[in-house]
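Colleague: We have chain A already, so just place chain B on it with the hints.
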Amino acid sequence: MGLMAETIPAVEITNLVKDFKTSFGKKLLRAVDGVSLRIMPGEVYGLIGPNGSGKSTTMKALLGLVAPTAGHCAIFGKDSLKVDSRNDVGFLPENPYFYKHLSGAETLKFYGKLCGLGGKLLDARISELLALVDLEGARDRRLGGYSKGMLQRIGLAQALVQEPRLVILDEPTAGVDPVGSRQIRDLIFRLKERGITVFLCSHLLEQVQEVCDHVGIIFRGKMVKEGRLEDLIAIEDQTEIILKDADPELIGKITALVEASGASLVRTGKPRTTLERLFLRETTEGDEP
Amino acid sequence: MTGIQLNKPQGSHFGRIWVIALHAFTQLVRMKVFYFLAVFAVIAIASNFFDLPQHEGPESVGINVLRSIKSWSLGTMTLFSVVLSIVATALLLPKDVEDRTLYTILAKPVPRLDYLAGKLLGVLLLVFVSLALMDILMTVVLHLRAGMVLDQQMAMAQARGWPAEAIAELRADTALHGPSWSLQGAVWAVFLRASIMASLALLISTFSTSTLFTTIISFLIYFIGHFQADARDAYLQAGEAGQGMLVRGAGLVMSLVLPDFQNFNVIDAVIEGQALPMVALAKLSAIGLYYAIFFTGASWFLFAKKEF
Chain A
1 MGLMAETIPA
11 VEITNLVKDF
21 KTSFGKKLLR
31 AVDGVSLRIM
41 PGEVYGLIGP
51 NGSGKSTTMK
61 ALLGLVAPTA
71 GHCAIFGKDS
81 LKVDSRNDVG
91 FLPENPYFYK
101 HLSGAETLKF
111 YGKLCGLGGK
121 LLDARISELL
131 ALVDLEGARD
141 RRLGGYSKGM
151 LQRIGLAQAL
161 VQEPRLVILD
171 EPTAGVDPVG
181 SRQIRDLIFR
191 LKERGITVFL
201 CSHLLEQVQE
211 VCDHVGIIFR
221 GKMVKEGRLE
231 DLIAIEDQTE
241 IILKDADPEL
251 IGKITALVEA
261 SGASLVRTGK
271 PRTTLERLFL
281 RETTEGDEP
Chain B
290 MTGIQLNKPQ
300 GSHFGRIWVI
310 ALHAFTQLVR
320 MKVFYFLAVF
330 AVIAIASNFF
340 DLPQHEGPES
350 VGINVLRSIK
360 SWSLGTMTLF
370 SVVLSIVATA
380 LLLPKDVEDR
390 TLYTILAKPV
400 PRLDYLAGKL
410 LGVLLLVFVS
420 LALMDILMTV
430 VLHLRAGMVL
440 DQQMAMAQAR
450 GWPAEAIAEL
460 RADTALHGPS
470 WSLQGAVWAV
480 FLRASIMASL
490 ALLISTFSTS
500 TLFTTIISFL
510 IYFIGHFQAD
520 ARDAYLQAGE
530 AGQGMLVRGA
540 GLVMSLVLPD
550 FQNFNVIDAV
560 IEGQALPMVA
570 LAKLSAIGLY
580 YAIFFTGASW
590 FLFAKKEF
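Protein chains in written order, with our numbering: chain A, 1 to 289; chain B, 290 to 597.
Bound conformation, chain A alone:
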């Protein structure tokens, strides 16, 4: 990839404003109010915010599904309102259903052909994607018989069919059980390893914290906080030391040292695992990564 290509942002949203007409006539509802964000290639960006805060509208504007009232959206430098901007993007909407009458392989074939793929290349791509999302066993089963987690995964596979450089995921783990949710999280990690840019929005803050390296918080249509996750959540005036097999005597010495130095000890105790990790440990047979 050339230097120029590296410097073009995967996503660039500039002062996006979107008003919707309300059903009572002239009064406009401002869903997105002056949102700007930039995602560089290879980043995993999480957009978080309460329901109705404008996350989905921002994503739809980026995909050209809604036209901005003001502002501009671009994907790899191409205007979102132009069809060719969609060559490099894959999208998984919230709670997708897809065509129930198609099998997993047929679904991927349909989306692949829409992107101009075909022949043996597409067949190979379908097999590769089904393996990636762990649905090889359900290849010829119709989507009507898929579970929620399987639908999300086939949705992710269709988003990846033309090998886009950017993947947009709207609540990718909504309604999925913890095991399915972990599979999707692992897939996002794999996309990140491959250098694919991911733009996702989710309510599951713990997951966002786990996978994203950049985060934006949107509230009532406005971006209220944005930046590198590490910078945003770090408590600047505190330091964490985690010890293993430390006896009480050592803890006592450290405490005395801390007090002698003039710093203050905020908390000591045992770190806790998360409920998710506990659940996964108890419900899977030792394949926890």
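Simulated from the structure, these hints should not be mistaken for lab results.
Model, not experiment: these values are computed from the prediction.
Here a beta-carbon is modelled for each residue, glycine too, at the ideal position from N, C-alpha and C.
Heads up, a few of these hints could be off.
Stated by the list, open to error - Label pairs and their computed distance ranges (CB to CB):
hint, chain 1, residue 1, chain 2, residue 2, range
1, B, PHE303, A, GLY145, 31 to 39 Å
2, A, GLY227, B, TYR324, 57 to 65 Å
3, B, SER574, A, GLY145, 38 to 46 Å
Stated by the list, open to error - On the chain A side, residues computed to face chain B include the following (Cβ under 7 Å):
hint, residue
4, LEU63
5, ARG86
6, ASN87
7, TYR97
8, PHE110
9, LEU114
Modeller: For chain B alone, kept in the frame of chain A given last:
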């Protein structure tokens, strides 16, 4: 990146339209719409027995049966093709919006016109295949029955000692009521009428909020289409009597926007055994094409600005 490197082909408009059309066709086929063909088979065979009382001379023995087969078959074809084209078109678009599958399609490099044209083509493909199957069945039934009628008539004519010329004339008259190219032209006219209705339903479904609304309005316009020529004539006559240009203009706009289905009355003439001239068929094809393009263009105009 991944194991298989793709060179990012973007595909052609026709390629994408064909993919969406084949998908819409498969979707409708898997909704088991072809079951109605069994109903048609029953009607085509049963129409053999709808023998009306004879009022004409002995030479027209059996011709009423042939007319009945054509009338019932073409009537059923019209009914199925119009219902299918309206309901299927009215169903496909809102279903995609409701299931959010439309998001995933439009998030791919698919222009909205390609999506609309693909859906319409899929419905037309289904209507065409259905009509072709019904046509084959009708032609076979008609061919067999026309053979039987001809045998009966020849036996009757020879028993009565008719001259050879009269027998040849009778044979030619009866042949007009059997399978003919005009009959195939009438089936094509049925298809054209269904195409107009499908493209009209497509237009309505781009701004409609429900399948029911699209279906009702489409059927309403279908019925209006059978009377609009009369209404237009009445307006024009009124125009000549008084107001003039404005009313004439309104009549012209009405005929440009609303299809005049009286043009398709040639189908009834074919049932009566009259020939369908190529000129009339070409005119019908041009009318069908005009409305299909006009309605699809208008659909695109509305759909291109639609937000999801």
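Colleague: Would you mind marking each hint as holding or not holding in the structure?
Modeller: Checked hints:
1. PHE303/B to GLY145/A: 31 to 39 Å: holds (34 Å)
2. GLY227/A to TYR324/B: 57 to 65 Å: Since GLY227/A and TYR324/B have Cβ atoms about 60 Å apart, the given range 57 to 65 Å holds.
3. SER574/B to GLY145/A: 38 to 46 Å: holds (44 Å)
4. LEU63: OK, holds: LEU63/A within 7 Å of chain B, min 5 Å.
5. ARG86: holds (4 Å)
6. ASN87: holds (5 Å)
7. TYR97: Status holds, d = 4 Å.
8. PHE110: holds (6 Å)
9. LEU114: Result: holds, 5 Å to nearest chain B Cβ.
Hint violations for this structure: none, all hints satisfied.
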